[in-house]
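Colleague: In case you want the letters, here they are:
2 protein chains.
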Amino acid sequence: MTRRLLVLVETQDRPGLLSRVSGLLHSLGANVATSLGYRVDGRARILFMVDARLEPGELAERIREQLGGEARVEAAYLGPEGAELLAEFLEDKPGLVNLLELYLDPPDLLDALLRLPEEARRRIYRVLSHSSLARIMLLADEATAQEIAGSLDPDHLARALAALEPDETVDVLQKLPEKLRRQLLGRLPEPLREEAQRLLRYPPDTAGGVMTTSVPVLRADDTVQRALQELRSGEHDVRDTVVVVDSQGRLLGLVTVDQLLRAGPGERLGSLALKPRATVEPEADREEAARIMLRYDISRLPVVDQEGRFLGLITIEDMAGVLTEEAAEDIALLGGVEAPKERYLKARVLDLFRRRILWLLMIFLVESVTANIIKGYEDVIRRIALLAAFIPLVMDTGGNVGSQASSMIVRALALGEISEKSRHDIVYVLLKEVATAALIGAAMSAVGFVFALLLSGGEVKLSLVVALTLFIVIMMADVIGASLPILARRLGIDPATLSSPLLTTITDIGVTVIYMGLASYLILGR
Amino acid sequence: MTRRLLVLVETQDRPGLLSRVSGLLHSLGANVATSLGYRVDGRARILFMVDARLEPGELAERIREQLGGEARVEAAYLGPEGAELLAEFLEDKPGLVNLLELYLDPPDLLDALLRLPEEARRRIYRVLSHSSLARIMLLADEATAQEIAGSLDPDHLARALAALEPDETVDVLQKLPEKLRRQLLGRLPEPLREEAQRLLRYPPDTAGGVMTTSVPVLRADDTVQRALQELRSGEHDVRDTVVVVDSQGRLLGLVTVDQLLRAGPGERLGSLALKPRATVEPEADREEAARIMLRYDISRLPVVDQEGRFLGLITIEDMAGVLTEEAAEDIALLGGVEAPKERYLKARVLDLFRRRILWLLMIFLVESVTANIIKGYEDVIRRIALLAAFIPLVMDTGGNVGSQASSMIVRALALGEISEKSRHDIVYVLLKEVATAALIGAAMSAVGFVFALLLSGGEVKLSLVVALTLFIVIMMADVIGASLPILARRLGIDPATLSSPLLTTITDIGVTVIYMGLASYLILGR
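Residue numbers (full-length UniProt numbering), protein chains in the order written: chain A, 1 to 526; chain B, 1 to 526.
Since the hints were made in silico from the structure, they are not lab data.
Quick caveat, the model's predicted, so the values are computed rather than measured.
One should not assume that every hint holds.
Copies of the same chain look alike in the list, so a pair counts if it works inside one copy or between any two.
[Said to hold, decoys possible] Straight-line C-alpha distance at most 27 Å; calculated DSSO-like pairs for lysine-lysine:
hint: 1; residue 1: K93; residue 2: K341
hint: 2; residue 1: K421; residue 2: K346
hint: 3; residue 1: K461; residue 2: K375
hint: 4; residue 1: K341; residue 2: K432
hint: 5; residue 1: K275; residue 2: K93
hint: 6; residue 1: K179; residue 2: K346
hint: 7; residue 1: K93; residue 2: K179
Starting from the given sequences, assemble the full structure and let the hints guide the process.
Modeller: This is how it looks when you write it as structure tokens:
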């Protein structure tokens with residue numbers, strides 16, 4: 001794989017250094033895209049951007065060997081890994097970003113910015129081109145977008161935003177505070193302003209929030225020739241499909257570029273347009289739209305209003321990014337944290353704290369019930385202290401079985417393998433989980449019995465309590481774990497919200513009641 | 001949103017029933033795409049496929065009202081929800097699938113098949129068209145693909161597979177046992193067989209495994225006109241891009257259809273071709289390829305060999321499906337289950353058991369350490385039985401803090417916000433987590449102290465032990481939870497593998513040592 005690398009060389013300045021290193025890079029099969037250097041404290045610091053097949057570590061090693069002792073050579077892939085090198089290079093001379101900008105993709109530039117001190121970052125914002133600025137704000141989290149907005153005057157900002165497509169402009173505006181948003185809207189050039197105002201109505205997590213309006217829209221009696229002209233203009237974001245509407249703007253169908261190429265130039269679009277497999281309304285959940293696109297292999301999904309008027313297209317390119325975000329949100333939820341809006345590198349400790357503490361307190365509250373239950377059996381524990389030794393074991397097993405079952409079902413729901421609305425599927429899931437849990441319960445309680453027997457030095461009754469508890473707990477945790485995600489979906493909640501921490505806590509209470517109750521009854525007979 | 005619905009009507013047969021219901025549907029704004037019926041036990045059972053804006057529940061309700069008392073009317077969206085209705089309709093007359101096939105997308109048909117008894121399923125396989133069969137095998141899990149293969153003779157199967165693109169044929173072949181695969185390969189028509197043999201070399205989780213080879217490939221001295229002709233043929237999977245190679249087949253660049261439309265018909269492709277932003281080798285991990293495509297907004301990523309020869313393109317359409325699969329795999333891993341290869345509806349109980357038991361036994365083994373530790377403090381517990389009451393509380397809090405931290409970091413790594421290879425990022429993560437954990441620890445130990453004081457009726461020393469344990473445990477769990485995913489990535493393991501169940505167990509041991517040790521030292525002074 002050829003990938004772009006950053007190579008940073010820092011050494012005693014000497015004549016011909018730049019061409020020397022360039023030559024070395026060339027001899028190692030690396031194509032130099034650009035290089036840039038300056039002097040600090042009598043030493044030369046040069047940054048190379050190269051396309052190479054060698055691993056960064058090996059490339060750096062080879063150059064270091066050739067340059068000899070005191071030279072510092074570092075290399076990394078452009079991207080998150082190389083962000084540190086780029087930041088280091090820019091920290092002393094932020095103005096140089098102007099010369100690198102052309103060779104850097106916005107995500108790479110943003111990654112470097114986030115690793116710079118704020119002061120250097122702000123200096124860079126002021127010298128960046130409009131288009132880089134706009135792209136970076138589009139990629140950035142809210143905190144960074146607001147920092148950029150705060151470093152520049154509104155006219156400058158508005159000109160930068162005008163470099164974007166309307167739907168992208170809106171994505172940026174939605175990261176800014178209300179007041180600034182209005183200021184900027186007023187400064188946008190005309191067709192863009194109106195379009196942006198219209199799009200601002202749709203929240204980012206809806207179909208309307210992810211659609212693009214930069215699409216060629218034509219009438220049924222327009223010709224193929226006219227449609228090709230429109231695509232040729234290269235003005236639209238979508239360049240492989242034209243949308244055909246009637247005189248009221250209602251969607252008639254889509255025509256793809258290969259259909260156009262096959263048709264005669266004079267043919268009318270009305271006769272070519274194919275009704276799409278599905279449409280969505282702008283208020284629909286974007287995840288719902290994603291599911292439909294993936295299921296039916298739709299790469300362009302039209303968004304229409306109640307009256308069937310065409311509003312925009314959702315492209316699979318945009319959706320791929322959305323899917324990744326949604327997956328990342330689920331990962332956070334499954335771990336018991338609300339997904340942060342800002343990047344980790346920008347998140348403030350206090351925000352992280354706030355986002356996590358509520359959940360922990362809630363779990364603490366529920367878990368305090370177990371403490372109360374155990375307290376009620378204080379005398380039992382005083383008499384059989386060894387009981388305490390098995391508490392973590394039975395609890396953990398219950399929690400694990402529950403989260404296994406729940407993650408299997410969350411997964412099957414996410415992939416559309418089962419439906420929360422199908423009676424058949426619900427019955428099926430329950431039967432299958434009961435059967436699986438029975439097998440797991442039998443195996444684990446056998447293991448638990450032997451282990452308890454060994455640890456307690458042959459206490460049969462105690463070991464029976466452990467084994468029996470394990471069996472009951474496993475059955476219970478599995479069924480609850482499998483049911484919760486289905487229930488969540490039926491209630492319209494993201495199944496990942498009822499995540500393993502919550503599940504664990506619920507089963508913990510059950511475990512305590514069963515374990516202490518059984519112990520007290522079977523061993524002490526009361 | 002207009003979506004396709006299934007409506008099943010079952011009622012006393014009477015003349016004009018079909019047109020009566022069709023009329024009703026029409027008056028409710030539902031367009032009937034097709035309808036099909038048969039008689040069972042003197043009753044008529046009719047299935048309608050309609051495009052409607054009404055919710056299925058409401059639509060069914062309205063029709064039921066109009067038809068009167070004894071009619072059974074059910075409606076559901078086509079898809080996983082409607083699969084049950086479709087299965088019910090087909091169960092009595094599997095042969096009718098022939099008439100429905102045209103109106104059904106393969107994923108919808110597959111969902112219904114999986115909800116039918118095996119016998120009916122097999123009868124359906126035998127009457128389906130080649131192209132439906134092939135598409136269904138492409139979508140199906142291994143178990144179902146093998147069931148289909150087992151119901152048909154190899155010649156029939158090979159003809160079905162020939163309806164697919166070469167990369168799709170290979171995806172199906174990879175689901176079948178080695179012997180059958182070889183049989184089928186031998187029966188494929190010629191250019192397809194060679195192509196399939198070549199593609200079979202790449203495992204499904206590599207770039208080579210997800211690329212398509214159905215791409216127009218042209219030379220640098222070919223003209224724009226020639227390229228447009230090629231696209232016009234509609235023979236290729238990729239219809240908006242042509243690949244330009246040299247006489248050795250080495251990749252020179254890509255030309256998009258809108259470039260072609262703008263250029264003159266006689267222009268040479270060599271002068272239009274743009275070098276791609278990145279390329280991958282076929283052996284590269286498909287997740288790596290996905291990351292690059294998303295980061296740089298690449299919708300067509302070329303796959304080339306060591307010598308730079310063009311092998312195929314990865315399209316963002318295909319990648320979107322891969323991303324969903326990978327996310328689902330992570331969800332399973334985070335819950336402590338290896339992601340199953342078969343659909344949940346096809347998974348056998350014994351397989352589910354096998355997939356889960358190993359993990360549970362491992363966790364049991366580790367957790368048995370905590371039991372041993374607590375046993376060592378048996379006399380301490382005998383004297384202060386209330387100690388046992390707080391064990392679940394402190395353990396659970398530790399586990400939750402750890403999984404919060406780990407899910408934040410897994411998420412940041414997945415989104416490329418931080419890199420496991422950057423020293424800056426690692427130091428930054430550790431500092432930020434220590435700070436956050438200190439805040440969380442302070443808050444939770446204050447809460448814990450008060451709670452313990454209340455529950456114990458004013459035992460200050462015991463409450464101090466609980467509070468202190470909470471603080472230490474939270475610091476420890478957070479730092480371990482944040483470090484594990486970074487460590488996993490550096491070792492080349494999926495961070496989701498070191499999932500919360502494992503993390504919980506590790507922290508449990510730490511918690512036990514700290515809690516029991518502190519209690520014994522602070523309360524009993526030894």
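Colleague: Find the hints from earlier in the document that the structure breaks and name them by number, from lowest to highest.
Modeller: Structure breaks hints 1, 5 and 7.
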